[in-house]
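Undergrad: Sequence:
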Amino acid sequence: AMRLAALLAALRPVLPLVLGLSLGCSLSLLRASWSQSGGEEPCLGAAGRPGPLAGGAHPEAAGGRPGPAHEDFRPRIVPYYRDPNKPYKKVLRTRYIQTELGFHERLFVAVLTSKATLNTLAVAVNKTVAHHFPRLLYFTGLRSAKVPHGMVLVAHGDERPIWLMYETVHYIHQHFGSDYDWFYIMQDDTYAQAEQVKALVTHLSINQDVYLGRAEEFIGGDEQARYCHGGFGYLISRSLLLKLHPHLDSCRNEILSVRPDEWLGRCIIDFLGITCVSQLQVLPPFSGFCLRGRWAGHLFEKALGISVCSLFVQMQIRNLTSLTPAGEAGLTWPVGINAPFIPKSRFEVISWDYFTEQHLFSCPDGSPKCELSGASKADVSEIIESALEQLNRRYQPLLRFSKRQLLNGYRRFDPTRGMEYTLDLLLEAVTQKGHSHVLAKRVSLVRPLSKVEIIPMPYVTEATRVQLVLPLTVQDLDFVANFLDMFAMNTLDTHDNALLTLLFIYHPYDAQRVSQVDVFAGVKAMVGELEKRYAEVKIPWISVKTEVPSQVKLMDIVSKKHPVDTLFFLASVWTEINMEFLNRCRMNTISNWQVFFPVHFQEFNPALVYRGEQAASSSTDFLRDGHFDRHSFAEACFYNSDYMTARTKLAADILDRDEVLESMEVFDVFLHYSGLHLFRAVEPGLVQKYALRSCNPRLSEELYHRCVLSNLEGLASRSHLAMALFEQEQANST
Numbered sequence: 001a002m003r004l005a006a007l008l009a010a011l012r013p014v015l016p017l018v019l020g021l022s023l024g025c026s027l028s029l030l031r032a033s034w035s036q037s038g039g040e041e042p043c044l045g046a047a048g049r050p051g052p053l054a055g056g057a058h059p060e061a062a063g064g065r066p067g068p069a070h071e072d073f074r075p076r077i078v079p080y081y082r083d084p085n086k087p088y089k090k091v092l093r094t095r096y097i098q099t100e101l102g103f104h105e106r107l108f109v110a111v112l113t114s115k116a117t118l119n120t121l122a123v124a125v126n127k128t129v130a131h132h133f134p135r136l137l138y139f140t141g142l143r144s145a146k147v148p149h150g151m152v153l154v155a156h157g158d159e160r161p162i163w164l165m166y167e168t169v170h171y172i173h174q175h176f177g178s179d180y181d182w183f184y185i186m187q188d189d190t191y192a193q194a195e196q197v198k199a200l201v202t203h204l205s206i207n208q209d210v211y212l213g214r215a216e217e218f219i220g221g222d223e224q225a226r227y228c229h230g231g232f233g234y235l236i237s238r239s240l241l242l243k244l245h246p247h248l249d250s251c252r253n254e255i256l257s258v259r260p261d262e263w264l265g266r267c268i269i270d271f272l273g274i275t276c277v278s279q280l281q282v283l284p285p286f287s288g289f290c291l292r293g294r295w296a297g298h299l300f301e302k303a304l305g306i307s308v309c310s311l312f313v314q315m316q317i318r319n320l321t322s323l324t325p326a327g328e329a330g331l332t333w334p335v336g337i338n339a340p341f342i343p344k345s346r347f348e349v350i351s352w353d354y355f356t357e358q359h360l361f362s363c364p365d366g367s368p369k370c371e372l373s374g375a376s377k378a379d380v381s382e383i384i385e386s387a388l389e390q391l392n393r394r395y396q397p398l399l400r401f402s403k404r405q406l407l408n409g410y411r412r413f414d415p416t417r418g419m420e421y422t423l424d425l426l427l428e429a430v431t432q433k434g435h436s437h438v439l440a441k442r443v444s445l446v447r448p449l450s451k452v453e454i455i456p457m458p459y460v461t462e463a464t465r466v467q468l469v470l471p472l473t474v475q476d477l478d479f480v481a482n483f484l485d486m487f488a489m490n491t492l493d494t495h496d497n498a499l500l501t502l503l504f505i506y507h508p509y510d511a512q513r514v515s516q517v518d519v520f521a522g523v524k525a526m527v528g529e530l531e532k533r534y535a536e537v538k539i540p541w542i543s544v545k546t547e548v549p550s551q552v553k554l555m556d557i558v559s560k561k562h563p564v565d566t567l568f569f570l571a572s573v574w575t576e577i578n579m580e581f582l583n584r585c586r587m588n589t590i591s592n593w594q595v596f597f598p599v600h601f602q603e604f605n606p607a608l609v610y611r612g613e614q615a616a617s618s619s620t621d622f623l624r625d626g627h628f629d630r631h632s633f634a635e636a637c638f639y640n641s642d643y644m645t646a647r648t649k650l651a652a653d654i655l656d657r658d659e660v661l662e663s664m665e666v667f668d669v670f671l672h673y674s675g676l677h678l679f680r681a682v683e684p685g686l687v688q689k690y691a692l693r694s695c696n697p698r699l700s701e702e703l704y705h706r707c708v709l710s711n712l713e714g715l716a717s718r719s720h721l722a723m724a725l726f727e728q729e730q731a732n733s734t
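Going by full-length UniProt numbering, the sequence shown opens with residue 1, and the numbers climb by one from there.
Source of the hints: derived by calculation from the structure; they are not laboratory data. The model shown is predicted, which means the values in this text are computed figures rather than measured ones. Hints are not guaranteed to be accurate.
[Unchecked claim] Label pairs and their calculated CB-CB ranges:
(1) 485 with 120: 15 to 23 Å
(2) 660 with 364: 22 to 30 Å
(3) 663 with 407: 26 to 34 Å
(4) 131 with 651: 48 to 56 Å
[Unchecked claim] As a list, the in silico BS3-like pairs of lysine-lysine whose alpha-carbon atoms are at most 30 Å apart:
(5) 369 with 538
(6) 344 with 403
(7) 553 with 441
(8) 403 with 369
(9) 532 with 689
(10) 86 with 115
(11) 127 with 86
(12) 560 with 441
(13) 649 with 689
(14) 433 with 146
(15) 524 with 545
Ideal Cβ placement from N, Cα and C applies to all residues, glycine included.
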């Protein structure tokens, strides 16, 4: 018994294997016997004869071999044979069977956008349809510094609309032409019904040359030819794209158009003979809904693409003009743009600036003639190119215009509507038969003020303390008393949250004699009187010895003696401090964002303006006898932290060359080394009485020149100077 138990224990691990083999062999023998017994009795018909099998199959022949009809279904082994004379070549298989069988994805979507609308319209498109389309790319001329998250962007490096369309079609063919059957091209101001677009392509044949969209007529072209309007999007088949690609370069060089959708339509028509259609076969038409200021739900739901129609709005304006009090005469050009400004007197007339392609005859520095360069040159070139595009768009294909010369150019800025242009162009017109003629034509254009941008600004408060900094030299002693009186009346008496620090600038000669004669002793006595009158007020002063009072060097000294969160107002001794301006200084200066450089109002010399008469004091004459001094950058509002950051970058740039600081002002430091917004605006609350400034010849040439110009332009207006010269000549003649 013990031996049997030991034997069973040894066989227990292999017992399931033995039982499985035995059971398998038994079932195999049993199945073989069933097959043999079933093959001895063929299927019998109604009369006992062998009959046909179900489904019309023929019975097998004698001996169990298949009959002639079953020869195709008998498996055959094809032996592999390789020619020993040919080199062995490894067969490369694709990663996916879909690629090997030549299957394509159904739909690719391209969105045409721009740098200006990438973060607005393009983002809106991405949020509404990107999750519906399998593949969606954005194409732009120039890309912004930061690409929105979740968007695949392709930048071509040029914002011209025709170039953008050419490069986009070329890119689609090169990278996706062999992967997709259909290509849907839309603009970033188009709302696409994604599900309807996908449903449409599932019912279209991929072997057709399809150019499908909302068909529009060419202006001045063939009545039968149509192009697909880009505002609603359009479909292009893969076969059409493959045929179009070899002709893209020719289209770019030969076809002139101002609209990219017209250019593409003309290219397809001229080289492939295919026009845009709105319906194929028995499928529903490609419907595009035009937003016209009112809602139409049933039309919106049926449309594949939705766009805003400015032409319809212009037609509505024309129709409604007849009902206005002014009638047809009240219709402005361009339609929908504000009417030109109508001056009420000769002093309000907006003057035109004359220009050519090389020179501008109204220069910023006041000179009568200067070279056309920079933004002005780009503006003139763009407006001439736009004029040619508009002319060719209107008269093609009957006439084609090319520029010979700009004869005369005029422009002016109308604050109610934008920049207006009048161009006299010498053109060469070529007819369809090749005849050419040179003619002069005057065109008028308007660059409207249609885009309003709201800049987000951080929150600021009027409760911020303002630290006034007043640099003083010996030449300023006559004006200090008036400054301190205005400061006491407008800030100390009103308990405004403002402090004052005086900066005494000693000449080296005066500094050596300060123990015997202090040139600023009178000012220090005035400060002591103020501190006695206002017990809670302390007015500190800082003494500096230098021959060249550089504004940057002086500010370096003050900056180190105040906290980093201090709001500085760098003032001049002629400034009349008031609460209105201090509040604007607080509101317009934002830490780590913006600095404020106000342009003060400088009164004219009363001896030249009034010539012995009493000055008018009514409120209607406020800011009449003076001008805003754009040459002065002495006043500034900024935070100490922003100044320290910019000053650190400046120090790293100039290393130990401190003489560079003598040619710079605080404005230059922020302009070149801060990266902040520089807010430079006229400030009517900052009024200065007339005074002849002392210009230091030891400063840089530019600073000295600006100081002299400020003195000269601050004397009087041209009419006052002319009257003074006239009276002087009259006195000399008598």
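Undergrad: So, for every hint listed, does it hold in this structure?
TA: Going through the hints against the structure:
no.	hint	verdict
1	485 with 120: 15 to 23 Å	violated (53 Å)
2	660 with 364: 22 to 30 Å	holds (26 Å)
3	663 with 407: 26 to 34 Å	violated (43 Å)
4	131 with 651: 48 to 56 Å	holds (51 Å)
5	369 with 538	violated (54 Å)
6	344 with 403	violated (38 Å)
7	553 with 441	violated (59 Å)
8	403 with 369	holds (24 Å)
9	532 with 689	holds (28 Å)
10	86 with 115	violated (58 Å)
11	127 with 86	violated (58 Å)
12	560 with 441	violated (65 Å)
13	649 with 689	violated (37 Å)
14	433 with 146	violated (51 Å)
15	524 with 545	holds (17 Å)
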